[in-house]
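Throw the hints in and build the complete structure from the sequences for me.
Chains D and L are the protein sequences, given in the same order. Just remember that the working numbering sits 177 ahead of the position in the first sequence, which is counted from 1. Just remember that the working numbering sits 9 ahead of the position in the second sequence, which is counted from 1.
Everything labelled a hint here was simulated from the structure, so no lab data went into it. Being a predicted model, the structure only gives us computed values, none of them experimental. Careful: at least some of the hints might be erroneous.
[What the hints assert, rightly or not] If you only want the chain D side, here are some residues facing chain L, beta carbon under 8 Å, derived:
hint	residue
1	S193
2	L197
3	L215
4	P219
5	A220
6	L224
7	L291
8	V301
9	A366
10	R369
[As the list claims (entries may be wrong)] Per label pair, the in silico range of CB-to-CB distance:
hint	chain 1	residue 1	chain 2	residue 2	range
11	L	A120	D	G455	54 to 60 Å
12	L	A252	D	E660	46 to 52 Å
13	D	E508	L	L149	47 to 53 Å
14	L	G89	D	E660	24 to 30 Å
15	D	E234	L	G122	49 to 55 Å
16	D	E270	L	L149	23 to 29 Å
17	D	P292	L	G89	17 to 23 Å
18	L	P88	D	A409	40 to 46 Å
19	L	G157	D	E663	33 to 39 Å
20	D	A409	L	G89	37 to 43 Å
Every residue, glycine too, gets a C-beta built ideally from N, C-alpha and C.
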Amino acid sequence: MTATATLVKRSYYADSVALLALARDLRSHPGVIEAAALMATPANRALLAQSDLLTPEAETAGPNDLVIAIMAEDPARASLARARAEELLGARERRQEQAGRRAPRTLASARRQLPGADLALISVPGAWAAAEARKALRLGLHVMLFSDNVPVEDEVALKRLAARRGLLLMGPDCGTAYLGGAPLGFANAVPRGRVGVVAASGTGLQQVATLLAARGEGISEAIGVGGRDMGAEVGGLMTLRALDALEADAATEIVVVIGKPPAPAVREAVEAKLGALGKPAVVALLGRDVKARHDGRIITVTNLEDACLATIAALAGAAWSPRAFSLPPAEVRRRVEAARRGLRPGPSAILGLYAGGTLAHEAALILEPLLGPVLTNLSPAAAGPGSTGGRHRVLDLGAGEYTVGRAHPMLDPTARVQAIAGAAAEGEVAVLLLDVVLGHGAAADPAGDIAPALEAARGRELAVIASVIGTEADPQGLARQTERLERAGAWVLPSNAQAARAAACVARGEAVMEQLLAEMRP
Amino acid sequence: MTTRAAETRLVHVQRLAAGAARRLEAAPRALGRVHSVFERAVNILCHDGCLLTLHGPGSLAAPFAAAVDRLPPSGVLAPGMAVERMGERLVLDGRAIDWRGAEVVETALAAAGDGSALAAALLAASLPAGAAALRSPAALDAQRRLAGGLRRGDARGFADGALRLIGLGEGLTPAGDDCLVGALAVVHRFRRGLLAAHPGVPREIAAAAREGTTVVAREFLLHALEGRFSEAVIALASAGTEAAARDALADLLAMGATSGADTAVGMRLGLEALGA
Numbered sequence: 178m179t180a181t182a183t184l185v186k187r188s189y190y191a192d193s194v195a196l197l198a199l200a201r202d203l204r205s206h207p208g209v210i211e212a213a214a215l216m217a218t219p220a221n222r223a224l225l226a227q228s229d230l231l232t233p234e235a236e237t238a239g240p241n242d243l244v245i246a247i248m249a250e251d252p253a254r255a256s257l258a259r260a261r262a263e264e265l266l267g268a269r270e271r272r273q274e275q276a277g278r279r280a281p282r283t284l285a286s287a288r289r290q291l292p293g294a295d296l297a298l299i300s301v302p303g304a305w306a307a308a309e310a311r312k313a314l315r316l317g318l319h320v321m322l323f324s325d326n327v328p329v330e331d332e333v334a335l336k337r338l339a340a341r342r343g344l345l346l347m348g349p350d351c352g353t354a355y356l357g358g359a360p361l362g363f364a365n366a367v368p369r370g371r372v373g374v375v376a377a378s379g380t381g382l383q384q385v386a387t388l389l390a391a392r393g394e395g396i397s398e399a400i401g402v403g404g405r406d407m408g409a410e411v412g413g414l415m416t417l418r419a420l421d422a423l424e425a426d427a428a429t430e431i432v433v434v435i436g437k438p439p440a441p442a443v444r445e446a447v448e449a450k451l452g453a454l455g456k457p458a459v460v461a462l463l464g465r466d467v468k469a470r471h472d473g474r475i476i477t478v479t480n481l482e483d484a485c486l487a488t489i490a491a492l493a494g495a496a497w498s499p500r501a502f503s504l505p506p507a508e509v510r511r512r513v514e515a516a517r518r519g520l521r522p523g524p525s526a527i528l529g530l531y532a533g534g535t536l537a538h539e540a541a542l543i544l545e546p547l548l549g550p551v552l553t554n555l556s557p558a559a560a561g562p563g564s565t566g567g568r569h570r571v572l573d574l575g576a577g578e579y580t581v582g583r584a585h586p587m588l589d590p591t592a593r594v595q596a597i598a599g600a601a602a603e604g605e606v607a608v609l610l611l612d613v614v615l616g617h618g619a620a621a622d623p624a625g626d627i628a629p630a631l632e633a634a635r636g637r638e639l640a641v642i643a644s645v646i647g648t649e650a651d652p653q654g655l656a657r658q659t660e661r662l663e664r665a666g667a668w669v670l671p672s673n674a675q676a677a678r679a680a681a682c683v684a685r686g687e688a689v690m691e692q693l694l695a696e697m698r699p
Numbered sequence: 010m011t012t013r014a015a016e017t018r019l020v021h022v023q024r025l026a027a028g029a030a031r032r033l034e035a036a037p038r039a040l041g042r043v044h045s046v047f048e049r050a051v052n053i054l055c056h057d058g059c060l061l062t063l064h065g066p067g068s069l070a071a072p073f074a075a076a077v078d079r080l081p082p083s084g085v086l087a088p089g090m091a092v093e094r095m096g097e098r099l100v101l102d103g104r105a106i107d108w109r110g111a112e113v114v115e116t117a118l119a120a121a122g123d124g125s126a127l128a129a130a131l132l133a134a135s136l137p138a139g140a141a142a143l144r145s146p147a148a149l150d151a152q153r154r155l156a157g158g159l160r161r162g163d164a165r166g167f168a169d170g171a172l173r174l175i176g177l178g179e180g181l182t183p184a185g186d187d188c189l190v191g192a193l194a195v196v197h198r199f200r201r202g203l204l205a206a207h208p209g210v211p212r213e214i215a216a217a218a219r220e221g222t223t224v225v226a227r228e229f230l231l232h233a234l235e236g237r238f239s240e241a242v243i244a245l246a247s248a249g250t251e252a253a254a255r256d257a258l259a260d261l262l263a264m265g266a267t268s269g270a271d272t273a274v275g276m277r278l279g280l281e282a283l284g285a
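Shown next, in the form of structure tokens:
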């Protein structure tokens, strides 16, 4: 009985000569009937299917993935040939590595290899992260501390050390930054520009940066400070230092501050610093009690899209007022009515399934005034008293309880796919609300990863509303990802804030929509 | 850093595709990232989603290429490394690639009426086998449709064949894509009106290329749809004499494992369809 074996190497590029040699080698292996080493384009997957070489694993591969497919006389020989393929590819990689420099094993040796480096990105388990960050600071390096689970007392000590040495300590749990034009961590491909950002939120920064990019504006510098920086214990140590840095930066013409509401003492210090900044500022510290206002050169906004729009307007010297949707009201009504017609009778609850924590927080803040209590798994400070119950739920799937034993949902769709299937089956949910985050570091095809589950949910008469946080220059391509979601039946809006409002309209209908349109009428 | 060490990190671009030169002039500082690294070429995925290929001295192997005096040693560069543009230099991994003084090479293929030298050389040549996938039933069917469309002046028929070739076969640039690039060279040289009169057809082929093949092959196809090709293809398609065409064909066949041969197959297919 013949057997097939497959090896898929994601985003793997070998030249044609190497691929042909590999396939030839495998065909000469004992018991191998056929072997192919092909880029997994749709046409090549069809070819493999015609030759009975297309396995379920190969079906998941895309045009930039290498598929090695082997048919052998029996499973044991197929498995041996697969091992041989792995050995050949491994040998090729080792040759390449040996031809270049050896990977450094310590920060000091990395510094010797790259003497001009001025920043260390640290991503090690939390227990060791502080020690590595301290070493980097003592080497005179700015630090982006990607690691989480760093004790707050270590964070304070590290930030004090950084401040004494005139360095930045970004983090812990700092997912995104742009320094000197280099995107760091989970970051979108956005242009350089005039907007300097201080962000206590990675996905918040991504949303603002991509919306700015869509309007032709870019980032001068974006400094991540870590989610706890503006809390009472850390006291805004790095936020204040980052504001100093942006004030001194000639390319920065306006400053945007993104995060959650600070501790009262930190709020005073940040407001004082912003007031003396000498540059206009837009403040998006998203919380339940925050009200939009314009105070001299400081504009306070209540959501991330407004942060972008207020920034663009301030740069142009133009007036700005919030808006509910970028589509005309008549078109919004048409889309909402169409979505409502597809719902099953009865359920009207919204389930938000988020990869971005700040995006989930923002969605909950927008939904609660429109729909009443929203249950979240976000921190109590972020949610508020009404958030302990309610039919509507917004879940941050990047929270610890969903990432045990698996990667963050920006990389691994498993938790979200399971939750979508669960929602479709349980009968309470009418509207699924989602974010899809693109950029360097994110999954290769995040929309494609969840699309089959969404199609199944649509089959169960659920409305799917989404936003895509990305740009056309991102590796995944904004248009391509949007189109994939739309093909799966999703209504894709240009921002998370608009998506949350659309979800409320679809769940509750005309009354909510008219309320929104009236509230935001200029 | 000593002067000697600095020099080893400075690479000069000798020749640069005109389109790439224009894009570099307008590029932001954060140009992009290293996409893929091979022994003889490095691909950079730029901020605008397009590729820039760096390879060693000689003719430009792609209409989006820069020929440098020497590539960094294999293994030094790795996918994902950031590439910055600083003035007229690219900076990656502490290395500067300077394009000041580079010869800017036009890679657009001019239209012409007389293809006799090309036809004489290409139709008489015994082409190497090329990629096996181009002889598969699916590929042969696609080639028949492509040639039939070209023969009849039927842009839709041409597109039908083209869409079936995209992403088909062996190689980092799948053989079907190479073949289609060759056929497009013939179309741009001798039947430009076929696509110009039906702008929806190149748009449809471009959309299929964006979805259905590798990043590198996509780039070749998108340029080919706009009439831009490697210097080897341009030299062959524009050869004024049979001897010049034979020399250019030899250069083309030397490209890649089978890419050059697969491109030549596409050019011959196009010429035969046009009754050359």
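Evaluation of the provided hints:
1. For the restraint placing S193 of chain D at the interface with chain L, the shortest Cβ-Cβ distance is roughly 4 Å, inside the 8 Å limit, so the hint holds.
2. Among the interface hints, the one on L197 of chain D holds; its C-beta lies about 5 Å from the nearest C-beta in chain L, closer than the 8 Å criterion.
3. This hint holds: L215 of chain D has a C-beta 6 Å from the nearest C-beta of chain L, less than the 8 Å allowed.
4. Using the Cβ-Cβ criterion of 8 Å, the hint placing P219 of chain D at the interface with chain L is satisfied: the shortest such distance is roughly 5 Å.
5. Below 8 Å, beta-carbon pairs count as interface contacts, and A220 of chain D has one with chain L at about 4 Å; its hint therefore holds.
6. The closest approach between the C-beta of L224 of chain D and any C-beta of chain L is roughly 6 Å, which is under the 8 Å cut-off, so the hint is satisfied.
7. With a cut of 8 Å, the hint placing L291 of chain D at the interface with chain L holds, because the nearest CB-to-CB distance is about 6 Å.
8. The closest approach between the C-beta of V301 of chain D and any C-beta of chain L is roughly 19 Å, which is over the 8 Å cut-off, so the hint fails.
9. With its C-beta approaching chain L no nearer than about 6 Å, A366 of chain D sits inside the 8 Å limit, and its interface hint holds.
10. Contact between R369 of chain D and chain L, as hinted, is supported at the beta carbon level, the nearest pair being about 5 Å apart and thus within 8 Å.
11. A120 of chain L and G455 of chain D have their C-beta atoms about 58 Å apart, which keeps the hinted 54 to 60 Å range intact.
12. Distance hint for A252 of chain L and E660 of chain D: a CB-CB separation of about 50 Å, consistent with the stated range 46 to 52 Å.
13. Taking 47 to 53 Å as the suggested C-beta distance range, the pair E508 of chain D and L149 of chain L conforms, at roughly 48 Å.
14. The beta-carbon spacing between G89 of chain L and E660 of chain D, approximately 26 Å, falls within the hinted interval of 24 to 30 Å.
15. Distance hint check: the CB atoms of E234 of chain D and G122 of chain L are about 52 Å apart, consistent with the given range 49 to 55 Å.
16. The hinted range of 23 to 29 Å is not satisfied by E270 of chain D and L149 of chain L, whose Cβ atoms lie roughly 36 Å apart.
17. For the pair P292 of chain D and G89 of chain L, the beta carbons lie near 21 Å from each other, so the given range of 17 to 23 Å is met.
18. At roughly 43 Å, the beta carbons of P88 of chain L and A409 of chain D sit within the given window of 40 to 46 Å.
19. As the Cβ distance of G157 of chain L to E663 of chain D is approximately 34 Å, the hint placing it in 33 to 39 Å holds.
20. Take A409 of chain D and G89 of chain L: their Cβ atoms lie about 38 Å apart, and the range 37 to 43 Å holds.
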